[in-house]
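Once you know that position 143 of the sequence shown is 164 in the numbering used here, the rest is easy, because the numbers rise by one and skip nothing.
Careful: at least some of the hints might be erroneous.
The calculated label-pair distances, taken between Cβ atoms and stated as ranges, are [stated by the list, open to error]:
{"no.": "1", "residue 1": "268", "residue 2": "113", "range": "36 to 44 Å"}
{"no.": "2", "residue 1": "320", "residue 2": "271", "range": "35 to 43 Å"}
{"no.": "3", "residue 1": "102", "residue 2": "158", "range": "16 to 24 Å"}
{"no.": "4", "residue 1": "30", "residue 2": "84", "range": "38 to 46 Å"}
{"no.": "5", "residue 1": "35", "residue 2": "177", "range": "21 to 29 Å"}
{"no.": "6", "residue 1": "30", "residue 2": "319", "range": "34 to 42 Å"}
{"no.": "7", "residue 1": "155", "residue 2": "41", "range": "13 to 21 Å"}
{"no.": "8", "residue 1": "280", "residue 2": "79", "range": "34 to 42 Å"}
{"no.": "9", "residue 1": "92", "residue 2": "319", "range": "18 to 26 Å"}
{"no.": "10", "residue 1": "41", "residue 2": "79", "range": "18 to 26 Å"}
{"no.": "11", "residue 1": "317", "residue 2": "103", "range": "12 to 20 Å"}
{"no.": "12", "residue 1": "317", "residue 2": "30", "range": "18 to 26 Å"}
For the record, the hints were derived by calculation from the structure and aren't laboratory data.
Using N, Cα and C, we set each Cβ at its ideal position, and we do this for glycine too.
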Amino acid sequence: MLGVGVLRTWTEADVPDQHGRVAVVTGANTGIGFETARVLAQRGATVVLACRDLARGGTAAEAIGAADIVRLDLASLAAVRAAAETIRQRYDRIDLLVNNAGVTGMRGRTEDGFEMQFGVNHLGHFALTGLLLDRLRDARIVTVSSIGHRLGRLDLTGDTADPQRGRGAAYSRSKLANLLFTHELDRRLRAAGHATQALAAHPGGATTEIFRYSSPWFRVPNLLIARLLGRTPAMGALPTLRAATDPAAAGGEYYGPDGLLEIRGYPRRVEASRRANDPEAQRRLWEVSERLTGVSYPIP
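The whole structure should be built from the sequences, with the hints applied where relevant.
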């Protein structure tokens, strides 16, 4: 199990110099992804905004500066492969990959027939990371999960592509998958002697657009609580930024707010759920994900 770090105030002012580094941030045109990309660019990184909507991505790039744009639709494995190939053609090295994009409350299936939230939040990022891994040398891979992962149940005896009853349950399942993936990826990287590290983060509460497809009974109280607690997207991005840039952070660690129930506060190491730390579930999800996406990683 991961230990809990010492409480301290860590802000974007603590992000070290990023000049000469290339960072790919998915879903970077709005919310936490935008704030993550903004800070990295301000510290000197070349930031690739991997966004589904190129028009909104262009607006974000103008606001951020020092940014490139690549179209990425995580609901289509063909589009993920195309985005990965574009990034590979433009960059021979990636220093940071932030798997930030996510949806909640969406019904239906992806282009490839997967339940939408599991397909976008986990399988799309699993495929993208694998397709870019040989460009990630001595790098960090940060995947954004959620407090909601604690409610997740992942039945790996069946077909995880099937829809699960309840949009909230499907979201929690996808966020649990994000953590299982992170732990298994980091384990495999270490076993292979790879210098790249995999970490995870969650924003706590934040006033972002992720709730736009959710039912009003779920969306309204979440946004109200986040607003009352001052959980702006910039505050929500801090755990991601710490996992991505803190020199003291290490592979397999998980970062979230230090306040009550991890909803508010400044970033520190936090504990994932028992299910997220289950080595057998990590391994089995990896195998299922390789089968569903058709992406095999160049590590054992």
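These are the hints, each one checked on the structure:
Separated by about 24 Å at the C-beta atoms, residue 268 and residue 113 break the suggested range of 36 to 44 Å. Checked against the given bound of 35 to 43 Å, the beta carbons of residue 320 and residue 271, roughly 18 Å apart, lie outside it. Separated by about 21 Å at the C-beta atoms, residue 102 and residue 158 satisfy the suggested range of 16 to 24 Å. Residue 30 and residue 84 have their C-beta atoms about 27 Å apart, which leaves the hinted 38 to 46 Å range violated.
Roughly 38 Å separates the CB atoms of residue 35 and residue 177, a value that falls outside the hinted 21 to 29 Å. For the pair residue 30 and residue 319, the beta carbons lie near 40 Å from each other, so the given range of 34 to 42 Å is met. Take residue 155 and residue 41: their Cβ atoms lie about 20 Å apart, and the range 13 to 21 Å holds. At roughly 36 Å, the beta carbons of residue 280 and residue 79 sit within the given window of 34 to 42 Å.
Range check, residue 92 to residue 319: about 25 Å between beta-carbon atoms, so the 18 to 26 Å window is met. At about 25 Å, the CB distance of residue 41 to residue 79 agrees with the hint of 18 to 26 Å. Our hint of 12 to 20 Å for residue 317 and residue 103 holds, since their Cβ atoms are close to 18 Å apart. A beta carbon spacing of about 42 Å between residue 317 and residue 30 contradicts the range 18 to 26 Å that was offered as a hint.
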